[in-house]
Amino acid sequence: MSEPVALKLTAKDFKSDQEVRWCPGCGDYAILAAIQQFMPELNIPRERTVFVSGIGCSSRFPYYMNTYGMHSIHGRAPAIATGLSVSRPDLSVWVVTGDGDALSIGGNHLIHALRRNVNLKILLFNNRIYGLTKGQYSPTSEVGKVTKSTPAGSADAPFNPLSLALGAEASFVGRTIDSDRKHLQSVLRAAAEHEGSAFVEIYQNCNIFNDGAFEQLKDPSTRDDYLIRLEHGQPITFGAEGQFCVVHPPGGFGLEVRETSSVRPEEIVVHDATVTDPAYAFALSRLPGLDLRNTPIGVFRSVARPSYDSVVQSQLAAAKAKVTETPEQQLAGLLGSGDTWTIL
Amino acid sequence: MTKQIRQLDRVVIRFAGDSGDGMQLTGDRFTSETAQLGNDISTLPNFPAEIRAPAGTLPGVSSFQVHFADYDILTPGDAPNVLVAMNPAALKANLADLPRGADIIVNTDEFTKRNLAKVGYQTSPLDDDSLAGYVVHPVALTSMTVGALAAHQVSKKDAERSKNMFALGLLSWMYSRPYESTLRFLETKFAKRPELVAANVAAFKAGWNFGETTEDFAVRYEVKPAKMKPGTYRNITGNAALSLGLVAAGVRSGLPVFLGAYPITPASDILHELSKHKRFGVLTVQAEDEIAAVGAALGASYGGSLGVTTTSGPGVALKSETISLAVALELPLVIVDVQRAGPSTGMPTKTEQADLNMALYGRHGEAPVAVIAPRSPSDCFFAALEAARIALTYRTPVILLSDNYVANGSEPWLLPDVESLPDLRVEFATEPNGEDGTTFLPYLRDPETLARPWAIPGTAGLEHRIGGLEKADKTGDISYDPANHDFMVRTRAARIETIPVPDIEVEDPDGDARVLVLGWGSTYGPIGAACRSVRQRGLSIAQAHLRHLAPMPANLGEVLRSYDRVVIPEMNLGQLAHVIRARYLVDAISYNQVRGLPFTSAELETTLEEVLKNV
Chain A
1 MSEPVALKLT AKDFKSDQEV RWCPGCGDYA ILAAIQQFMP ELNIPRERTV FVSGIGCSSR
61 FPYYMNTYGM HSIHGRAPAI ATGLSVSRPD LSVWVVTGDG DALSIGGNHL IHALRRNVNL
121 KILLFNNRIY GLTKGQYSPT SEVGKVTKST PAGSADAPFN PLSLALGAEA SFVGRTIDSD
181 RKHLQSVLRA AAEHEGSAFV EIYQNCNIFN DGAFEQLKDP STRDDYLIRL EHGQPITFGA
241 EGQFCVVHPP GGFGLEVRET SSVRPEEIVV HDATVTDPAY AFALSRLPGL DLRNTPIGVF
301 RSVARPSYDS VVQSQLAAAK AKVTETPEQQ LAGLLGSGDT WTIL
Chain B
1 MTKQIRQLDR VVIRFAGDSG DGMQLTGDRF TSETAQLGND ISTLPNFPAE IRAPAGTLPG
61 VSSFQVHFAD YDILTPGDAP NVLVAMNPAA LKANLADLPR GADIIVNTDE FTKRNLAKVG
121 YQTSPLDDDS LAGYVVHPVA LTSMTVGALA AHQVSKKDAE RSKNMFALGL LSWMYSRPYE
181 STLRFLETKF AKRPELVAAN VAAFKAGWNF GETTEDFAVR YEVKPAKMKP GTYRNITGNA
241 ALSLGLVAAG VRSGLPVFLG AYPITPASDI LHELSKHKRF GVLTVQAEDE IAAVGAALGA
301 SYGGSLGVTT TSGPGVALKS ETISLAVALE LPLVIVDVQR AGPSTGMPTK TEQADLNMAL
361 YGRHGEAPVA VIAPRSPSDC FFAALEAARI ALTYRTPVIL LSDNYVANGS EPWLLPDVES
421 LPDLRVEFAT EPNGEDGTTF LPYLRDPETL ARPWAIPGTA GLEHRIGGLE KADKTGDISY
481 DPANHDFMVR TRAARIETIP VPDIEVEDPD GDARVLVLGW GSTYGPIGAA CRSVRQRGLS
541 IAQAHLRHLA PMPANLGEVL RSYDRVVIPE MNLGQLAHVI RARYLVDAIS YNQVRGLPFT
601 SAELETTLEE VLKNV
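One line per chain: the protein sequences are A and B, in this order.
The numbers in this note's numbering rise by one with no breaks, and the one at position 324 of the first sequence is 324.
The numbers in this note's numbering rise by one with no breaks, and the one at position 581 of the second sequence is 581.
No lab work stands behind these hints: they were computed from the structure.
There may be inaccurate statements among the hints.
[Claimed, not checked] Covered by chain B, per the in silico footprint, the following chain A stretches (three or more residues, Cβ under 8 Å): (1) 37-47; (2) 54-66; (3) 207-215; (4) 319-325.
[What the hints assert, rightly or not] Per the computed footprint, the stretches of chain B lying under chain A, defined by three or more beta-carbons under 8 Å from a beta-carbon of chain A, are: (5) 27-38; (6) 224-233; (7) 256-266; (8) 279-288; (9) 321-327; (10) 469-483.
Just so you know, even glycine gets a beta-carbon here, dropped at the ideal spot from N, CA and C.
Same shape as in the complex, but just chain B (with noise of 0.2 Å):
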């Protein structure tokens, strides 16, 4: 039969089922297919902390939200238009996020009386009219799986597991994807077990052919390509992005990299990633702790390398006291800290913005570093290589803030040229740098950056001692001399505040706006969102987004005060707000939520409208 094909804008798609179905698979791979035909692409993966949480149960439901569109996108949307529901689990747990007259694929072979039970639902929601309101697709995805793989030379189990292929393939029929990439992988990734790409391959073949005859899918969609600036792409996660900015960071210093890291979710893809890239001169040691993990990140520092920990809150705390260290030796270190909810183990798999107070406060004495954040996947390439360009170039430790939005989610990256990446070429002491020609003063500043020479072991005539004792000004020997010390604070706080960080820049398209809103990290994309939304009903207002913490844009308290108003939305309960309002003098208006999930766009839109309403 032939079926009628409609044009969409744009579609979320949420694919749900227990933690054991392959969802994050399934959407990653949509997600591939999708890029590939030049949609603009954002994504959310959602998964539970527990590697297997008992099957069928709502806390193992694991979801993959993809947004694509024929126009530049900004967010993985807010509710999705379909979703792919493997059990009664996953539907039950998703469900009040769908719109009325939202899609419902449902595998209707896990809907048995003892799945439904594990849920709570009485009866099955199929067979009564609490799913009246959306048009439900039921398909026996399980056994219409096996019942293809019959004459394949594989288990039961493995038939059954590849039901998420069928899924992939009928979702992939139903928008139009090319699956050619689908094939490349599956071959790869099962290149040890022929029987397996054949059965994986036939399971998605049956999927996209079961959309195809089946009457229940009357209309097939196609989403037409993004206009997207020319360049060759790739679909990036965050961590990926950032670890490659971490190779090229190296690349671009001529330094080797020394990563030191203790495995801690949602950061250890890092160390997986950049223990991949021995070639590079990439040295990943994966520590005995936290501590030890910064440890010998700074040690490899003292050594020449450029030094980097990774982790999350939980490890930052227990590394503070070491990067308190290097704020004293004045040595580069950049930390990676991928913020998950807290505090304590809270809700490993979440995210939230909630450890800005300890990158910037969260060390004893006066201890100051520098703070940036990046605003998107992609943008976690840059960042990277921005904290290395500030470390290395200031001899200071950075605390690079991504959150586990901008690591797990993904979105197109235009490759850049590396020619065009930052120079980060650093040069190491190798003269006596006192008047007598013959002293190494290891703490006599560049009178520019206040950076203080850094003098490798190994290099003859500048041997000297450092340490966590407060130090006399350029000579670097032990002082407790009172001025001495007040000196020394007052630099290490200058070191930081002085260091040049481009202005921040406001998005104002009408040109008069009276309320700003600011946000800082992964909230770009939703904010920007939701500006647009409000900008299409014809009102006015202006987004600023940072991407330094400290120090701070020189021209940020003039832009602050150059309007009305200005909003702070944070996945936290402020921390930037009280920042800026004790800075700036500005009186500005928190906006928080911390639930683990990224904010809408459609709730930022109505409190932004709420806002406007009062100027």
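In isolation and in its complexed conformation, chain A is listed as follows (with noise of 0.2 Å):
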């Protein structure tokens, strides 16, 4: 195999001409900078990168990306995704789509390209909002939220979209935030190592419909407290003197955090997202609470299975290394085969 050719892309390249139309303040203009920056270092030509997206704020995305891309329709961006990539294994396809797009209206489709392992890129962008329809709650959103559509606060509980999507059987699981640039491209770098499918929830904020949604994690005073970084390898301990860790309580089920005084260094668990179980991620998912402390953010999970688009390929090449005619004569003989009977 030869080297690759160094491309010697830059985040310019990845600017398109379009004009960003998000409100000013918005997350997405962090998360938009901080992927154009990101991309040259893949060293993947534009035009083998494509990114489609759903309907909302976030699906605009693609507009402002100079790749291949298309703005499709609520919710069926994983589909169309599905079809694109498995037809197109030279291709690297990133869906990107939020709270709204992927678990409400999309959630089917969601589900089925993480238990498949389609290899996508998946970037779920949760503000925890409805934006573009300007404000209304959405399955992310705390119970009784009031919004537009629920004065009297919402009754639904809302889903964990890394709970949901290790029960989907998700191989890759990761969550990062808009405001942590280095943090976000660490866990996309290790997404797009990935074969298969990687899902990546980035809190993001929406200014105008539900500011501050996030700012505990944000706010230099108290994100150290707030937050779990967790480092593949190493003892999950956090806080701003470290004072927190987290155990697997005997006899428990679940992970849960204590004072790093309380226990003994071998009890803290050491974080290993190549575990098999998916049990331990989805455990480290339970972890926050609705104030968002004990909020684990980078790659909960990423364990090898091979990517539905390998088998299939693989599926036809094994059928199409038997064939020794051309399409044509190939085609003849599929239309004269079964019971066949000659007038003269």
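The two chains are supplied separately, each in an independent frame; assemble them into the complex guided by the hints.
This is the structure we're talking about:
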């Protein structure tokens, strides 16, 4: 194999000529800039990169990337991207979606893309609100949320997107935050390297309809005590002074947060994203409380599993390998197969 | 004993039994034997949606009708000359369709008190005079089969299950069918269980020999081969022909075929068939739902495949939003709707033509697509190629309206020469098309076809974004400009309306007809047969049949206006008639039936004669 040629692309190469039309101050700007800056690192030609989105504020994303792109219809991006990815294994296909797009109208497509392990990088911008339709509660909004459509407070229990993805057999699950460019890019890097579906939840601030939804995770005075930064192979400790840690309490099913000083060092869970049993990553996904305390970010799970694309393509290749005739000869043979008779 | 041999020009046989009796297989085999002999054939399977309805009940009856003749025929026949009834339910469910004098072969073993009671017979119809008008042949099919297999190493259950082969053997003898293909078939089907091959062959031969020796069947019949065009033939169902047409479209376009499908009756067979043809590069995805199926197909089209989705009416309804997206994206997409009786779940295994309105209009916004309909089982092959041609050339969704009647019915098909099939090659865009030599304009159209360039991902220098938002002419940028939207809506309409399609042809052998019968899709056979009968009575009538429903042939208005009356028979409540009246201001007579079954040519004949009387 020849060494890949360094394309020497820059962030500028990934900016399209379209005027970006999100609200000033929207978290999407930061994500767009982070991704445009990150893409050259992959050394994939722009023409082989495709962004497919559904409907919602975040789904305008493809217009701003100078790659191939499709702004499709509400909730259907994973389905459309599945057809593209499976039929074109040479492409790098990214899905940009939101909490309403992916988890409400498009929930079915999301879970099936994940269970199949289609080679898609799925970026879910979660702002816990419907922005484009001007402020209704979303499937990730907290119970009791007062919005235009829930003046008495939402009665719906929300989804935990990562728990859902893990339940849907996702082979890669991660979470990051719009405002932390370095972390965002590190998670995207791991996602891009993953064979199969990579699901990344990005906490994104909607400054118009749900401002400050993730403020505790961003405010320098609180974030260190709230965020759990997962590092593969490292004991899970957090807090400004490392005063908190994650342990597996004996007899329990999940994980719990303790004060580091109250446990023996060997009791602290060492993060391993490659654990086969999804129960571990699931337990991590259940740590945060309603107040966003104990919110893990980083790569929760990254396990090797053949992608749907590779299985389908290898079936095609195996069938084609036996062919010795031209397509026309094959077709003539197929048409004339079965019981035939000839009239002279 | 020597049997008398009588020549017939045509016969209609209906095999009827319980869903588990193997009547579809029996009918299939008889059809195949008949095809080998060179008769013209048309078949009509009719089965319940339930896989195994309660045994012995009326809803559980499954039947297969085959019409064969020494001349060219157009329908599976209105009324059977012979009914094979494997149980009392099969007799009761089908008796009303039989003309007096028809032969009825009954499996007497199943005429037990319990089975008779299940379908409401107080006394056995074999014992009273209720069948006096028919020629009844009582045959102990089950017990004779079990008897014939006494020495075989098969269970009693397997022996009983071979009774359909006994029946097939008897009928094959009666109509002098060559049976080598059936023996070959049994060897392949039960290749892994040689004892079943032996048992089924023995049952078949026992049935054949029974015919030859019993005095109950004094006459044996022959139907001479039909005069058909020279060439190689095979018997084919519409779903099989449609699948092969899609494979052929891939070969002739040089593009991979991508099928996204969700299982639905009566379209699933196309998914099954296409999933076998990976060596042609055909990729099939069984999606999580109908919406994902069409979405995946559209995604594949975006990537340079021929994207196809196959479904029935309820599935098209779900796909509607994505089809509209395909209209906006101007990408090729073939949507196959094998229509069934609706609304809702309706009668999933019965036929209807009631999705025409949905195909023409069932989308939000002004979202025109091309619509075509095959007229017969083998025509599904050519209709699929034509759908692919329009989709690829004009970069548009095309809805192909098949229906359960053509999908599951079969007829002999003169195999086409592959080289004679249309050349469907397309050119992807490879270079910038802007005046400055560097810009790519994804919505700059070909002046002749109005198609936009198909620039697939992977093409350097043509990176562009498309989407469901209204696009500016040429650049494809998002546009809310009022004049642009008006222009784009009209252009999308013109794109479809100006697709050149062949003129409609009129069949009027007498040349002086004043009444025209206009049909579309699967009614071609019954309408054609009715017109023939009308003409045999010395009356003149013209027939024209629409293959292209959007756009319609350019000469259609002129043709319609040149007749005093136009009759439009449809298996719906007048959907085409409505379009014709609106578009051409022709006072067409709509004749409708929605019974889940094809028209009989006899009822159409009566209707047409009524119209002729009043011209």
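Now the hints, each set against the structure:
Chain B is given as covering the stretch 37-47 of chain A, and this holds because 3 residues of the stretch bring a CB closer than 8 Å to a CB of that chain, at least three being needed. Beta-carbon proximity to chain B at under 8 Å applies to 5 residues in the stretch 54-66 of chain A; the threshold of 3 is reached and the given coverage holds. Coverage of the stretch 207-215 of chain A by chain B is violated [criterion: at least 3 residues with CB-CB distance below 8 Å; count 0]. Counting residues of the stretch 319-325 of chain A whose C-beta lies closer than 8 Å to any C-beta of chain B gives 4; at least three are required, and the coverage claim holds.
Figure legend: the stretch 27-38 of chain B, annotated as covered by chain A; annotation consistent (4 residues with Cβ-Cβ distances under 8 Å, at least 3 required). Residues of the stretch 224-233 of chain B lying with their CB closer than 8 Å to a CB of chain A number 7, which satisfies the three-residue condition for coverage. For a cut-off of 8 Å, the count of residues in the stretch 256-266 of chain B with a CB near a CB of chain A stands at 3, and the three-residue condition holds. Coverage of the stretch 279-288 of chain B by chain A holds [criterion: at least 3 residues with CB-CB distance below 8 Å; count 7].
Counting residues of the stretch 321-327 of chain B whose beta-carbon sits less than 8 Å from any beta-carbon of chain A gives 3, enough to reach three: the coverage restraint holds. For the stretch 469-483 of chain B, the stated coverage by chain A is satisfied: 3 residues place a CB nearer than 8 Å to a CB of that chain, which reaches the threshold of 3.
In this structure, the one hint that does not hold is number 3.
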